[in-house]
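**Q** Each chain, written out:
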Amino acid sequence: MTDKNKKKILVVDDEITVCKSIRQAIVSDEYEIDLALSGEEALKKDEEKKYDLIITDLMMPGISGLDLLKNLKDRKSITRVIMVTGYPTIKTAVQSVKMGAFDYLPKPFTPAELRSLVSRAFKAAVSEEKGEQGIEEAKMPAGLHYMLGHAWIKKEDSGLATVGVVYDFLKSVGIITQVDLPKVSDKVSQGEVCGKVTDAEKFIHRIWSPATGRVVEVNVKLKDDHSLLRKNPYREGWLFRIEPTDLEEDLKGLILSK
Amino acid sequence: MSSDFFGPASHELSPLDKHPKIRYHIGLMPQRTIFKRFLDLPLRIKLTLSFLAVISFGGIVTLFMGTRLEHRTIFDLAQAKVRHDLASAWMVYNERLNDIRDIVRLNSGRESIQKALVLGRKDILHRDLEFVRKDFQLDILTLTDARGKVVFRARQPETDGDDQSKDPLVSRALRREVAVSTQIVPRAELLKEGADLAAKSYLKFIPTEKAAVRPEGHEENGLMLKAAAPLINDQGTLIGVLYGGVLLNQNYDIVDRVKDIVFKGEKYKGKEIGTVTVFQNDLRISTNVTDDQGNRAIGTRVSEEVNQAVLREGKPWIGPAFVVTHWYITAYEPIKDIDAAIIGMLYVGMLEKPYIDIRNSVMLKFASLAALCAVILLVILFFITSTIIDPLRGMVVATNKIAQGDLNHRVDVDFRDEIGRLAHSFNLMTENLKIANEKLLQWGKTLEKRVEERTKELREMQDYLIRSEKLASLGKMAAGIAHEINNPLTSILINTHLLLEKSEKKDPDYENLTLIADETSRCAQIVKGLLEFSRQNPPEKTRSDINELIERTTQLLENQASFQNVKIIKNLDARLPLIEVDKTKIQQVFWNLMLNACAAMPKGGNLTISSRLEDDRKYVEIVFIDAGVGIPRENINRLFDPFFTTKSSGTGLGLAISYGIIQQHDGKIEVKSEVGQGSVFTVKLPVS
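Going down the list, the sequences are from chains A and B. The first sequence lines up with residues 1 to 258 when you count with this note's numbering. The second sequence lines up with residues 1001 to 1688 when you count with this note's numbering.
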């Protein structure tokens, strides 16, 4: 593959070991990977080279990952950003997705998890280019709150909330071979794994829960028929229902669909 | 004066004196201690003495003034009477004098006597004059011629021819006057008139204490009532003088007569009340004053004082006087002769004794009355003070009894005065003391138990606080640690996985690498658990029905496949009040406890859940009882510690988190367990 076709990736973290490890995990012929040890360095590097993907730590001294993201968005950059977070900052991570990050990756993660996310990121870019947004199923009904490229949540009259995945997520995953859902009475937290989807390439994609609460019901139909997910992600393809702990607070980190 | 008794006046007080305590203790002023000693006397005696002092003072003053008053009046009366009596005495005296005058005068005009005188017929004169003399009890009756030469003495005819013209009365009669008065008759003359008369007049002085000094020691002259009248014939020619008289010396007619008239012979205790005396100068010559033997006290003399006043100064003297043997109320007046010279005294005296005795008897009656009053007063005082002292004594006794522990003792006092009220209050106080004492005893009995309870409470509180602190500090640490650890973990995990990807199962290192990867993931889980634990967001409390929460949780439990062997028995009190709790968190606690219970009974068993309102309505109590393996003693204290677990899986945070949640609700969570028998978990949530 020529240099031109190689995807340009920038890894930003204030710890050199982490940067190197990340690079090691995704090293491939298709990628051209650079390292930066601070937000300032990252900005400088980005000005010189237009990156396709930036993988950055959220909490960094000086210019944080969020600042970097904001900067990029202000410049109307199309670079996709993946936020790497420590757990205390899940809230900010969710916030960053709202701000425009593609996704976030909580530490510690396995190389596989990283690779899945990277591949999704590029797949989404591809499908975006292909302009597949006009499909009916892709349209999200109004009144739903969702995390960009991840899960949606709908407040029900009963006080419960229904959770499902957004179309963009499904698209980035591709063909689903397995769906792992939480069990009833499991506790889910916003920004944390609430379910998994395995694709054809055996990449396991984690679904972040949009809200905190206790699972009271699981969509048993999905067990038998995965296609329901693809066909109707917003209605019959729901994943599970929860009794939310603090829905009002959680919704602040989500985007309301119109 | 007052300062002598009460101590120095206030402006004289030294700084030391002003301190009251020092005053009494040092006893600086001796006068003060006397007063204080008085104050120390028993109440009764103090009162009695005080009253007696007042009465005595009053009594004495009254007595004193009374007697003076009485003395005044009675003696004034007495003296007035004596004066009156003296006047009466004078009347009798003068009557006798006038009698003598009349006889002499009448007989001086008798023809027979005039004829006999002219003719010198002594036999007729003897016959007629002697008859008159004897008849009228004259001591002398003498006829003189016109020149004053004695012609015939009826009493002593042998003596005649002497010249009487110098005699004061005769000389007056020679001038044709009728003269009458009391006269001193010298001894020589008395001898002429009658030798026995001279003998009667001779009186030796009896020594009298208060009398004036008179060196002669005797009296030889006489005192006579005398009258003289001229004989004048028809032609008016003076032919002679007739004079007659009565010798007063040792002649008791007059005095006795006066006494009888004035005093009517009254006697007082055998003694004549009244006395009359005729004095020749200061000598008693006729009296009915008797001496100790009962004889008339003639020969005694009057006191110098009376002598001076009456004989020398010629003034009447009235007052009490000691006469011979007794005190009399006396009156003296001078007897004057024809030349107005004081020749003697007439005395009247009233025995003072009766009056003295009256006065004394009055005083005695007064004093007796006062004494009687004092006695009655003392008796009354005794009874009255008894009403004060006896209750007070009773209270002292009661106090002692109470001090010894007998709280049932009461003072028996019936009256309504201050003492009665004091006793009543005292009794009330004792009653209250008794009640308080009983309460105290009661308290004492339960005290030990209460101390035990309290100690237990405190220990629990302490454990609770320590645990809370531990958790709080742990939480703070957790976030920091987690963040720091995540980076190295990331590197380890990634690189291990990369190694794994490069190797194959059959490689000898494959297993080791897998182990490393797994353990690293486990680290990550622990960190995650830690963070979850530390991220305790504040509870959002809403009014909830606990039973409903229990039902929901048990429903979830029943849905779990692994808990099929467990039978859930519910004893939920339907009357539980709604309480303010965070529904989700409380459910998490219930869930955790139920899971633990099920885990303790792997072969199945009963899980009993009950809810009730505590007796004092302060807490809602939820109890989870399992018949599981039980918890060993040494583990119970550590049960709620974070990361404590006896299971091979799990983070050991479940109970710690539950504990934290209950703590956030100001509740309590307790455990009782027996190995082999099971465990009882009790959750208490406050009713808001």
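FYI, nobody ran anything at the bench for these hints, they're computed from the structure. Treat each hint with caution, since some may be false.
No farther apart than 20 Å at their CA atoms in a straight line, the calculated lysine to aspartate or glutamate pairs in the DMTMM-like style are these [said to hold, decoys possible]: (1) A/Lys20 with B/Glu1484; (2) B/Lys1583 with A/Asp180; (3) B/Lys1502 with A/Glu201; (4) A/Lys183 with B/Glu1551; (5) B/Lys1583 with A/Glu32; (6) B/Lys1583 with A/Asp14; (7) B/Lys1603 with B/Glu1558; (8) B/Lys1668 with B/Glu1580; (9) A/Lys202 with B/Glu1504; (10) B/Lys1541 with A/Glu30; (11) A/Lys187 with B/Glu1501; (12) A/Lys155 with B/Glu1540; (13) A/Lys8 with A/Glu47; (14) A/Lys139 with A/Asp180; (15) B/Lys1149 with B/Asp1135; (16) B/Lys1583 with A/Glu156; (17) B/Lys1684 with B/Glu1558; (18) B/Lys1081 with B/Asp1160; (19) A/Lys44 with A/Glu32; (20) A/Lys187 with B/Glu1540; (21) A/Lys20 with B/Glu1540; (22) A/Lys183 with A/Glu243; (23) A/Lys202 with B/Glu1501; (24) B/Lys1115 with B/Asp1076; (25) B/Lys1583 with A/Glu243; (26) A/Lys20 with A/Asp34; (27) B/Lys1528 with A/Glu47; (28) B/Lys1541 with A/Glu32; (29) B/Lys1583 with A/Asp246; (30) A/Lys91 with B/Glu1614; (31) A/Lys202 with A/Asp180; (32) B/Lys1583 with A/Glu217.
**Q** Now look at each hint and say whether the structure bears it out.
**A** Hints versus structure:
no.	hint	in the structure
1	A/Lys20 with B/Glu1484	holds (18 Å)
2	B/Lys1583 with A/Asp180	violated (28 Å)
3	B/Lys1502 with A/Glu201	holds (18 Å)
4	A/Lys183 with B/Glu1551	holds (19 Å)
5	B/Lys1583 with A/Glu32	violated (51 Å)
6	B/Lys1583 with A/Asp14	violated (42 Å)
7	B/Lys1603 with B/Glu1558	holds (16 Å)
8	B/Lys1668 with B/Glu1580	holds (15 Å)
9	A/Lys202 with B/Glu1504	holds (18 Å)
10	B/Lys1541 with A/Glu30	violated (54 Å)
11	A/Lys187 with B/Glu1501	violated (33 Å)
12	A/Lys155 with B/Glu1540	holds (19 Å)
13	A/Lys8 with A/Glu47	holds (13 Å)
14	A/Lys139 with A/Asp180	violated (24 Å)
15	B/Lys1149 with B/Asp1135	violated (25 Å)
16	B/Lys1583 with A/Glu156	holds (18 Å)
17	B/Lys1684 with B/Glu1558	violated (24 Å)
18	B/Lys1081 with B/Asp1160	violated (48 Å)
19	A/Lys44 with A/Glu32	holds (17 Å)
20	A/Lys187 with B/Glu1540	holds (17 Å)
21	A/Lys20 with B/Glu1540	violated (44 Å)
22	A/Lys183 with A/Glu243	holds (13 Å)
23	A/Lys202 with B/Glu1501	holds (14 Å)
24	B/Lys1115 with B/Asp1076	violated (59 Å)
25	B/Lys1583 with A/Glu243	holds (10 Å)
26	A/Lys20 with A/Asp34	holds (10 Å)
27	B/Lys1528 with A/Glu47	violated (37 Å)
28	B/Lys1541 with A/Glu32	violated (53 Å)
29	B/Lys1583 with A/Asp246	holds (11 Å)
30	A/Lys91 with B/Glu1614	violated (41 Å)
31	A/Lys202 with A/Asp180	holds (13 Å)
32	B/Lys1583 with A/Glu217	holds (18 Å)
The structure is inconsistent with the numbered hints 2, 5, 6, 10, 11, 14, 15, 17, 18, 21, 24, 27, 28, 30, although it conforms to all the rest.
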